[in-house]
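A.B. asks: Sequence:
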Amino acid sequence: MFIEAVQLNLDEYVDEDGLTVTQASGKIIEEDWQNINTSDFIKYSYLVNLALEGIKRKQLPDFLYEKFSHAGEAISKIENNESEELKSIMLRIIFVTANSTVNVFHIFK
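Take any residue in the sequence shown, count from 1 to its spot, add 612: that is its number in this note's numbering.
Note that these hints are calculated values from the structure, not bench results.
Accuracy of the hints is not assured; some may be wrong.
With a cut-off of at most 25 angstroms between alpha-carbon atoms, the simulated BS3-like pairs for lysine-lysine come out as follows [what the hints assert, rightly or not]:
id, residue 1, residue 2
1, LYS668, LYS655
2, LYS670, LYS639
3, LYS655, LYS679
4, LYS679, LYS639
5, LYS639, LYS655
6, LYS668, LYS639
7, LYS668, LYS679
8, LYS655, LYS670
Small disclaimer: the values here were computed from a predicted structure and weren't measured.
With the hints as constraints, model all of the structure from the sequences given.
C.D. replies: Okay, here's the thing in structure tokens:
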């Protein structure tokens, strides 16, 4: 549900409205804040999807680096078997943000 919504909203805001990925990501978070804040799993799923879409477009929003740099502890506490993939992706993104010499656009090939 939210994965498709993130991609559709980002496509609309960037491709049709001419916003940057950073502007579109901020707008999505602002519009969906009630859904995003229902659980850590949903919150970080939104952030991961925004990051992946940004990486695909070679425009990773700076504010996502900050969000991910503080997310390690929260991610490790998510106790849902379905969240293992999310944890793995988040930990890779956290690694990238901690090591600025790594080219983020090649991490998910």
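A.B. asks: Against which earlier hints does the structure fall short, listed by number upward?
C.D. replies: none
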